[in-house]
Amino acid sequence: TVPTTEDETDILVDHLLKIGQRQAAVFYTPQSPFSSYGWQKFKQKFETKGGRIIKVREYDLSKSNFNANKALEEVRKYGETPLVLFPDAQITDALKNSIELIKTNNGRNLIVGGWNLYSPQTLSIRDSKLLEKVVLFVPWHPRSSPNQKFTEDTMKLWYGSVNPTTAMTYDATRTLIKALEMSNKPTRKGIQKTLASPGFTAYGATGTIEFTPKDRHRKNPPGELVKIVPCSKSFFGLAFVPLEYSSCD
28 TVPTTEDETD ILVDHLLKIG QRQAAVFYTP QSPFSSYGWQ KFKQKFETKG GRIIKVREYD
88 LSKSNFNANK ALEEVRKYGE TPLVLFPDAQ ITDALKNSIE LIKTNNGRNL IVGGWNLYSP
148 QTLSIRDSKL LEKVVLFVPW HPRSSPNQKF TEDTMKLWYG SVNPTTAMTY DATRTLIKAL
208 EMSNKPTRKG IQKTLASPGF TAYGATGTIE FTPKDRHRKN PPGELVKIVP CSKSFFGLAF
268 VPLEYSSCD
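Take 28 as the starting number for the sequence shown in this note's numbering and just add one per residue.
The reader is advised that the hints may include incorrect statements.
Claimed, not checked - Pairs of lysine-lysine, DSS-like flavour, derived with a Cα cap of 27 Å:
(1) K246 to K260
(2) K97 to K183
(3) K205 to K246
(4) K260 to K68
(5) K160 to K68
(6) K123 to K260
(7) K246 to K70
(8) K76 to K104
(9) K220 to K260
(10) K254 to K72
(11) K156 to K97
(12) K104 to K160
(13) K130 to K90
(14) K241 to K254
(15) K123 to K90
(16) K123 to K104
(17) K254 to K216
(18) K45 to K68
(19) K76 to K205
(20) K246 to K76
(21) K104 to K45
To be verified - Here are the in silico distance ranges between beta carbons for each label pair:
(22) T193 to F263: 44 to 52 Å
(23) N211 to Q58: 18 to 26 Å
(24) K220 to R153: 19 to 27 Å
What the hints contain is simulated information worked out from the structure, not anything from laboratory work. Glycine included, every Cβ here is placed at the ideal spot set by N, Cα and C.
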């Protein structure tokens, strides 16, 4: 039920090209299959659409001695080039180094990144000026959720909005429940067949859930971009909001 890496990189690439950014420097964890795949797909899509990847030596976010100043010096030889961050799933220092890169950037270069930067660690920077040029992909946000009842219900239950991971878990649960209801004798293969059938539809936090028969990927996968704005009612004084919003209210 979650968007694929291809879905994520498509949205990031399209955003950069839409705002006239035709070159980018990518930082990732080369030994992480998850992080490397994001880098490969971004590079492929960006270059196919006429973009140019700037090669930097200090690209490995997992290095214990990662030097954010050195990385930015390399990038800025090419002007105000956007930074693209694909840290791994917190198995190395990649997230910590991504945060350091954002702080050292001092709000100068545009920074775009993947879903795993949508985290309290990013907001813990606390300074909105350092974060005003950060744009991240997320599969779901409560402000723009197609299922506002889910947003309202979770607010009542937990006295606050839930994160995209919770929304994706809810989607997966609703999908499995619906598949079980449609199966006479539920088995693993039977459920997979049900999910890929033309008549299968479930409804979750991200709206209607359907899958393609061929690869069982989600039709019309969810995904959008968010930015960070000042928010006095949040713990860090900052909040993620969809790109089209100007405040957290």
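Going down the list of hints, with the structure as the test:
1. Using a Cα cut-off of 27 Å, the hinted pair K246 and K260 is violated, with the two alpha carbons roughly 36 Å apart.
2. Between K97 and K183 the alpha-carbon distance is near 47 Å, which puts this suggested pair outside the 27 Å criterion.
3. Between K205 and K246 the alpha-carbon distance is near 17 Å, which keeps this suggested pair within the 27 Å criterion.
4. At most 27 Å may separate the alpha-carbon atoms for a hinted pair to count; K260 and K68 exceed this at roughly 37 Å.
5. Taking the CA atoms of K160 and K68, the gap is about 23 Å. The hint holds against a cut of 27 Å.
6. In summary, the hint linking K123 to K260 is supported, as the alpha carbons are separated by about 25 Å, within the 27 Å threshold.
7. Between the alpha carbons of K246 and K70 the distance comes to roughly 24 Å, so the proposed pair stays at or under 27 Å and holds.
8. The straight-line distance between the Cα atoms of K76 and K104 is roughly 23 Å, inside the 27 Å bound, and the hint therefore holds.
9. Note on K220 and K260: the hinted pairing is violated, with a Cα-Cα distance of about 46 Å set against a maximum of 27 Å.
10. Simply put, K254 and K72 have alpha-carbon atoms about 23 Å apart, close enough for the 27 Å limit, and the pair holds.
11. For the given pair, K156 sits about 21 Å from K97 by alpha-carbon distance, which is consistent with the 27 Å threshold.
12. Between the alpha carbons of K104 and K160 the distance comes to roughly 19 Å, so the proposed pair stays at or under 27 Å and holds.
13. About 17 Å separates the Cα atoms of K130 and K90, which keeps this hinted pair within 27 Å; it holds.
14. Straight-line distance between C-alpha atoms of K241 and K254 comes to about 35 Å, which puts the hinted pair past the 27 Å bound.
15. With a C-alpha separation of about 10 Å, the suggested pairing of K123 with K90 holds against the 27 Å cut-off.
16. Our distance criterion of 27 Å between C-alpha atoms is met by K123 and K104, whose separation comes to about 25 Å.
17. Note on K254 and K216: the hinted pairing is violated, with a Cα-Cα distance of about 41 Å set against a maximum of 27 Å.
18. Among the hinted pairs, K45 with K68 is consistent with the structure: their alpha-carbon atoms are about 18 Å apart, no more than 27 Å.
19. For the hint pairing K76 with K205, the CA-to-CA distance comes to about 39 Å; that exceeds 27 Å, so the pair is violated.
20. Under the criterion of a C-alpha separation no larger than 27 Å, the hint pairing K246 with K76 is consistent with the structure, at around 23 Å.
21. A distance of roughly 23 Å separates the Cα atoms of K104 and K45; the hinted pair therefore holds under the 27 Å criterion.
22. Between T193 and F263 the CB atoms are about 19 Å apart, so this pair departs from the stated range of 44 to 52 Å.
23. At about 46 Å, the CB distance of N211 to Q58 disagrees with the hint of 18 to 26 Å.
24. For K220 paired with R153, a C-beta distance near 50 Å fails the hint of 19 to 27 Å.
In summary, the numbered hints that this structure violates are 1, 2, 4, 9, 14, 17, 19, 22, 23, 24.
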